[in-house]
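> Now for the letters of each chain:
Protein chains: 2
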Amino acid sequence: MKIQGLRGTRDFYPELMQELNYIFSKWREVSKKYGYQEFDGPLLEPLELWTLKSGNEIPEQTYRFKDKSDSDIAVRPELTPTLARMIAAKQKELTKPIKWFSIGRFWRYEAPQSGRLREFFQFNVDCLGTDSMKADTEVIAMAIEVMIAFGCTKDDFYIRISNRKLINAIFNEMDIKPESIKELSRLIDKSDKIGEKEFESGLKGLGLKDAQIKKLKNFLSLKSLDKIKDLDENGKSGLRELKELLSYLESYEFSEYVELDLSIMRGFDYYTSTVFEVFDRKKELRAIAGGGRYDDLVKDFGGEPCAGIGFGMGDVVLGLFLKNLGKFPSSVNGIDYFIAPVSEDVYPKAVEIGSILRKKYSVCIDVTGRSLSKLMDYANSIKAKSLVIVGKKDLDKKEVTVRQMDTGKEEKLKLDKLGNL
Amino acid sequence: MKIQGLRGTRDFYPELMQELNYIFSKWREVSKKYGYQEFDGPLLEPLELWTLKSGNEIPEQTYRFKDKSDSDIAVRPELTPTLARMIAAKQKELTKPIKWFSIGRFWRYEAPQSGRLREFFQFNVDCLGTDSMKADTEVIAMAIEVMIAFGCTKDDFYIRISNRKLINAIFNEMDIKPESIKELSRLIDKSDKIGEKEFESGLKGLGLKDAQIKKLKNFLSLKSLDKIKDLDENGKSGLRELKELLSYLESYEFSEYVELDLSIMRGFDYYTSTVFEVFDRKKELRAIAGGGRYDDLVKDFGGEPCAGIGFGMGDVVLGLFLKNLGKFPSSVNGIDYFIAPVSEDVYPKAVEIGSILRKKYSVCIDVTGRSLSKLMDYANSIKAKSLVIVGKKDLDKKEVTVRQMDTGKEEKLKLDKLGNL
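Protein chains in written order, with my numbering: chain A, 739 to 1159; chain B, 739 to 1159.
Just so you know, these hints were derived from the structure itself, not from any lab.
Owing to the predicted nature of the structure, the values given are computational and were not obtained by experimental measurement.
Mixed in with the good hints there might be a few duds.
If chains are identical, the list can't say which one is meant, so a pair holds when it fits in one copy or spans any two.
[Claimed, not checked] Within a straight-line C-alpha distance of at most 35 angstroms, the following computed DSBU-like cross-link-like pairs (lysine-lysine) qualify:
#1 Lys740 x Lys804
#2 Lys770 x Lys1098
#3 Lys981 x Lys1152
#4 Lys981 x Lys1135
#5 Lys804 x Lys961
#6 Lys1061 x Lys834
#7 Lys806 x Lys740
#8 Lys1135 x Lys955
#9 Lys961 x Lys764
#10 Lys1098 x Lys764
#11 Lys770 x Lys740
#12 Lys1152 x Lys1098
#13 Lys1065 x Lys920
Model the full structure from these sequences, guided by the hints.
Laid out in structure tokens, this is it:
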């Protein structure tokens, strides 16, 4: 009986695995250029990491179970709580600012659809130990650099930026009831998708008056910070942060990638200031990446207060995006040499030749004993660049035949010249 | 409240992550040299993959649960069933022999102890589509090459090899009752650990007579295949395979790494012929790697019959082994340049300099605005090789100060020479 893999999962056959490794290589390349160090945590975590700070949407989608010792286990749906736990555990030993990145697997129990799978990989970039907007800028710059590293331009993607303090001040000023803020935030977050009419009726459903709705919509549509006034202290601080952030981004010459968008909320409750998302310009896909500042999180996990900013970028939406734009490198890495022993008695010599070539090249030796014509087909199918035919007659003359697979050109090569290849 | 990670898991802080990445890099390097292609499967799988072929020890240690749709889920404890499932699903499209490797995470609910954790990484190498002992040899050669790539010699490790057909023939010839074979295999597998006395009393407990025990012990202690006789057809085939394998290993010049050890059983039921394990010479640790031939597995998973051989090498025992031998590279990769802006107004210039240097180097820019002396401490702590001090006076002369962190030597560098660094 054939068994299928679970719904919403992928089998990474070599071709798909190469795409994934290509994505990983760019994530690592940019992180290292910025001096970030790689870390990771366990894939299973105590469920407590997510229930400790409740009111979060995540536990609903979390794969969870009890292990044999009756402990509540979560298959991690995101990395940030693990990061906060790890920082809290070694806070005194770690030199701040902590600049870390991670590439890991995650699971969420969601309805699989385009851009959304149950198992995915996520790149996380985090800078902790400072509340300077320079850190926010650096992290956003890295998100932009990653997209550029994939060959994308400002016509392909952009970053939408907001600040939670600012939006909270607006809610405050509009006298939104505290118990409605969560629902309202969600509604704003999806306002782009649901259309104006549904958005308005949603706002009415939350008890907003016409004047409030007008004011809110007006605010959310702002493309510049200049006209914002009448803010509380918290709001003023958010406004100042956002202005600083936008000005620092100019130093990176990344302003053209960035747009103010006060409707960006981000689902996670732990964000306290900057929030941002990476989107495709065509707005056909979900967010490619998203993140923000979480200044209370390490404290919430039992550590000393430690400001932090970070983002996550999943492989699924990104993969779709790159595929749509034709940005994946087309060539599958082939093998340098395929070694074909034409008879059983020359196999030891084929192995010896393989060992010499492996010092520099990727080498595949036949293990089947099939005929030369079948081996040529096989060498083609595995995209071997050259074929080394090891035959008795050639060996008597201390040579082998080397065939270029693309041109079909064959040449004799003396055995003592193999090391020069 | 501080939350701990789960028992038997590791938090990969950057230093430990570097060790792990070092292990991964060697695993990948050898696999590519041998022309093997990387693949992977999902981390969660239908539990069915393990219960389908029962009588296996694995399900007992498997993390399992029901998801929201009441499906039985396993957190994978090993890769081979996933591989068999993937081969069975695309058998017609895949060119044989299939030469694949994988590096992934796995979970087993075991009592954590030295060399055994609940979460671990495992390197898997598999060659499917041929029953030639050349494939077994290649795969074993790769296990040896990996150990050599870590800087280990024949004095550090060795491979113990056996063949299931051969041992089954001996059981057969000794008239061991079929229902005792499983228990007997287990007992033999741990005979090394438990000592002679306990081994003998275990054999008696399984109903073996003194003559049988003597014969079995005699057989298990054989260091050469020459004296083995009186085998059934299956046993003769196993003997022939083992002889062939040992002779092919001579071609690789790897004979000195290999020992015949007929007490090697391997826990998994799916092995049908060759079985082998990599051990430290000092026999202080568990097996570093283990594998074998599983010619019926793809068929068991609903595919056409497809012979296969492979091994798994975990990171935990290997890591202990390398650490004990001092084989981990000592230096932690540092950062090439740390850029220290001495005042707020030069920050944009610091960013600009960072962008130029990042074309070739890893560059960390200060995001805290701390004093120069504090920044020097920080640059030291992150192992920066050079410090670029960006100050107003220098900039007026279109230059910066570059300090070598090891010698403390400082030099002025013109801004237009930055690209030449």
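> Taking the hints in turn, state whether each one holds.
Hint-by-hint comparison with the structure:
With identical chains, the CA atoms of Lys740 and Lys804 are at most 35 angstroms apart both within one copy (29 angstroms) and between copies (21 angstroms). In this homomeric assembly, Lys770 and Lys1098 come within 35 angstroms of each other (Cα to Cα) both inside a single copy, at 26 angstroms, and across copies, at 11 angstroms. Taking the closest pair of Cα atoms, Lys981 and Lys1152 come within 35 angstroms of each other only across two copies (32 angstroms); inside a single copy the shortest separation is 70 angstroms, beyond that limit. For the identical chains of this complex, Lys981 and Lys1135 are inter-copy neighbours only, at 31 angstroms across copies versus 77 angstroms inside a copy, given an alpha-carbon limit of 35 angstroms.
In the homo-oligomer, the alpha carbons of Lys804 and Lys961 never lie at most 35 angstroms apart, since the shortest distance is 49 angstroms inside one protomer and 48 angstroms across protomers. Proximity of Lys1061 and Lys834 under a CA criterion of 35 angstroms is satisfied inter-copy only: 28 angstroms between copies versus 38 angstroms inside one chain copy. Within a single copy, Lys806 and Lys740 get their C-alpha atoms as close as 29 angstroms, and across copies as close as 23 angstroms, so both meet the 35 angstroms cut-off. Within a single copy, Lys1135 and Lys955 get their C-alpha atoms no closer than 85 angstroms, and across copies no closer than 51 angstroms, so neither meets the 35 angstroms cut-off.
Proximity of Lys961 to Lys764 under the C-alpha cut-off of 35 angstroms is restricted to the intra-copy arrangement: shortest distance 32 angstroms within a copy versus 51 angstroms between copies. In the homo-oligomer, the alpha carbons of Lys1098 and Lys764 lie at most 35 angstroms apart both inside one protomer (24 angstroms) and across protomers (15 angstroms), since each shortest distance falls under that limit. Proximity of Lys770 to Lys740 under the C-alpha cut-off of 35 angstroms is restricted to the inter-copy arrangement: shortest distance 30 angstroms between copies versus 43 angstroms within a copy. In the homo-oligomer, the alpha carbons of Lys1152 and Lys1098 lie at most 35 angstroms apart inside one protomer (18 angstroms), although the nearest pairing across protomers, at 40 angstroms, exceeds that limit.
In the homo-oligomer, the alpha carbons of Lys1065 and Lys920 never lie at most 35 angstroms apart, since the shortest distance is 38 angstroms inside one protomer and 53 angstroms across protomers.
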